[in-house]
Amino acid sequence: MAFNLILFYLFAAIAVVTALLVVVQSNPVYSVLLLIGSFMGLAGLYVLLDAPFVAVIQIIVYAGAIMVLFLFVVMLLNAPREAAVRSRLLESAGTRVIGAILALAFAAEMAWALTRSRTLAMSAAGRPSFSVPQIGQRLFQEYAFAFEATSILILVAMVGAVTLAGRHLVKDRRSGS
Amino acid sequence: MAELTHYLILSGVLFTIGTAGVLLRRNVITVLLSIEVMLNAVNLTFIAFGHFLGSPDGQIIVFFVITVAAAEAAVGLALVIALFRHVETLNPDAFRQLRG
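Those protein sequence lines, which keep their order, are chains A and B.
My numbering numbers the first residue of the first sequence as 49 and each following residue consecutively.
My numbering numbers the first residue of the second sequence as 109 and each following residue consecutively.
Honestly, the hints are just simulated from the structure, not real lab data.
No experiment lies behind these values; they were computed from the predicted model shown.
Check the hints yourself; a few may be wrong.
[Claimed, not checked] Listed next, the stretches of chain B that the computed footprint assigns to chain A, with coverage defined by at least 3 CB atoms under 8 Å from CB atoms of chain A: (1) 117–124; (2) 138–149; (3) 153–161; (4) 164–177; (5) 186–196.
For each residue, glycine too, the CB sits at the ideal point set by N, CA and C.
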């Protein structure tokens, strides 16, 4: 059981450190690659939480497909290193005060919510774990409508992406006007 | 044994990192990446609650969140390409054509 806790801290450290580096990096290519590391850490946590199916989906779909799409766009645009732009809005005192107040409010809210969730963690023993067929049956019976709705959403997103990024439309508009 | 509180704190930390990225970075692609970090923090909360409540619904909702994230990434990156073609920069402060 203690081994479990060590693994939790290991994966949590991987996820948090790489996520921090994603935000701090000025080169978008490194950001994308570090985010894949963060997803790996989270996939490890999903395995610890008895959800191996989601862990595999996380690596194949998220780290595999979506991040490759990001990497493709970063390299397609030959994205420049972000210049250290100092914006007046970020440096004004009023913005900092409001940000500090909001951060303190969020921290207090989290502390309040987490001290109340202690009762839930007590019922830890005898939890059932779910196999992939069980999840699949539930997905295609109770959540069948949501599943079909997401398939339509994917189709709409695909058409939208082609319409937005398609070069032929830009040419048509320029020649037409 | 890691308890629910551990996972919720980790999720809160990740979500805060993602929010800071969205607010502080001046590169549209990094902003989209920070949104992915936030979505993953929420996914971790769903899985943790599903595990500790003994319900498979957490995993199923994460499945849908990943699908929607894929659609969001596709449309968002298409918008980035279209914008880059017009203004030749990725700084969101430069996208001000629609400002009245």
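Taking the hints in turn, this is what the structure says about them:
1. 117–124: holds (count 6)
2. 138–149: holds (count 7)
3. 153–161: holds (count 6)
4. 164–177: Since three or more residues must qualify, the claim that chain A covers the stretch 164–177 of chain B holds, with 12 doing so at under 8 Å.
5. 186–196: Coverage by chain A holds for the stretch 186–196 of chain B (7 residues, Cβ < 8 Å).
Violation of the numbered hints given earlier is absent; every hint is satisfied by the structure.
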